[in-house]
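Novice: Spelled out from the first residue to the last, the chains are:
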Amino acid sequence: MAPEEVCDILKERFGAAVLDAKLDARRPYVVVDVARWHDIALFLRDDERLQFNMLECLSALDLLEDNKLAAVYDMFSVPVVIASASTVVGGSGCKSTPLLRHHMAVRVEVDRDKPRIPTVSDVWPAADWHEREAFDMMGIVFDNHPDMTRILCPDDWEGYPLRKDYEFPLEYHGIPATTEHTLTNPKH
Amino acid sequence: MATTVIETRPDVLIDFDKESQGDVRTEEMLINMGPQHPATHGVLRVVLRTDGELILESVPHIGYLHRCAEKIGENLQPYQFIPYTDRMDYLAGMNNNQAYAIAIEQLVGIEVPERALYIRMIFAELNRIASHLVAFGTYGLDMGAFTPFLYSFREREMILDLFESACGARLTYSYINVGGVHDDLPDKFLDVLLEYLDYFEPKVAEYNQLLSYNHIFVKRTANVGVISAADAVGWALTGPVLRGSGVNWDLRKSTPYEIYDRFEFDVPVGLPGGSEGVPQSVVVGDCWCRYMVRVLEMLQSCRIIRQAIKQMPDGPHLAGKLKNLKLPDDEIYVEIENPRGQLGFYVRGDGSTIPARVKARGPSFCNISILNHVGSGCLLADIPAIVGSIDIVMGEVDR
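In order, the protein sequences belong to chains A and B.
Sequence positions in the first sequence follow our numbering and run 1 to 188.
Sequence positions in the second sequence follow our numbering and run 189 to 587.
Hints in this document: simulated from the structure, not taken from any laboratory.
Note that beta-carbon positions come from the ideal geometry of N, C-alpha and C, so glycine has one too.
Treat each hint with caution, since some may be false.
Quick partial rundown of chain B residues pointing at chain A, CB under 10 angstroms, derived from the structure [to be verified]:
(1) Ile250
(2) Gly251
(3) Ala420
(4) Leu430
(5) Ser442
(6) Ile520
(7) Ala544
(8) Phe553
Excised from the complex, chain A in its bound form (with noise of 0.2 angstroms):
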């Protein structure tokens, strides 16, 4: 399914909160209202026509210049054909689906000053790790996560280094963190 027909459908049921759709970029996405990004997730999940079981990648933003932080969900529809009837079916909430193989891109825009998101890791399973990895990296805090926790920063350290304001620490621990390089060079 192209991604236009996706924005429509998603127009359709959810009107006004698909604030934005860049159709024409090079990976076509739609910018949708933080508010309503758990129904949204729900539908482009189940809905028969999208069936997007398959969240591949979350990619947190710092867009600096708007004051905004924002997450990019990388979604696709995997058919899973299953390969005989003895397979096992588990119980994650994703169903399998036919040969839809479609890809989108879903971008959810918070302020720097709140930034706070509803989580979808009840939705997609592999949400848990990539949002714990926005938490860590940008700051991004998902609502309702189970765990937000730091995953792969220690748990003490301050501030979010894929910031583009971040500042990095001259010592951990008392262990030097920095060279004299980085404090004559800021921006590396």
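Given the structure of chain A, go ahead and fit chain B onto it with the hints provided.
Specialist: Then chain B, alone, in the frame of chain A:
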């Protein structure tokens, strides 16, 4: 679709309660496995909550190898970042180079010369074999079989020799770069490669005799750590782990990138016990299926390489200059099939030569996230079997 619903995990708990007959008091115990542990394939730490031999919870803790590669990518030009991608999945450097190179090429709109595409694909497939050989060998080690490891490393050395002859490096290649490959193939490379394929292909049958159908090995891996197809998709598992669960999904086949649509090859998937020589006790999605998918994929890679050698065109191996590329104010997300699954790069340009955002979606990162779900309810000895069958590289989990 008519499907038989079976319990996802063996119901060990009930059997244990029967055996203990209620008169033996057991206590839960926390066991810390790793970060330095031979069966965790790197610096993975798993905190296990156990009741005797039974795992109640297995929580992976990652980040010990975190180097913030994404931040580095946001401070370097694309051609400078290529060597850092080698160090993510250090067992499949070629594939990582390729993924980032494709992302930048698509973002900027560079046409890669035909010859470069073929060279890239040969190296990507060779690296897939090398990576699967490590997976195969170390999995044998995890299961207590030492010999397959020596065999697989013998064959892997030869692939590394081939790599060395082409690019001078044996592990961190940086060979595939934006716009092509940085050097043309050395003289007689394709002849040596063909010789190697002739030597290697019969070895797989030897591996099968030695390990795949070994009774003890099958006992340790069949019907252990079963991941259902639906769970695999829900947790966004990819690569041999997804295919082991019976889902026929390989980016090389389903959404072909570069020149994969020109070759004939099959996508091995996990099959239930009893079919096509699969041991009776095997269940689709168990450790044995994931292991076997890798073994069979090595043969398919050989098939692809043979076709590529026949079609190899002449011409340039690099499209013009790589340095100071202006990245347009746009974004791209590209995924390729890495030996471990779908490796994705999200790159966002802002008109300058340095990307505004680089995000790597590591297949190992997603694959290992299911460990708690699949591990709880297993026995303690099954944890190395499950971790080994998922085949993670911590450099890429932590990036």
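Novice: Among the hints numbered above, which are violated by the structure, and what are their numbers in rising order?
Specialist: Structure breaks no hint.
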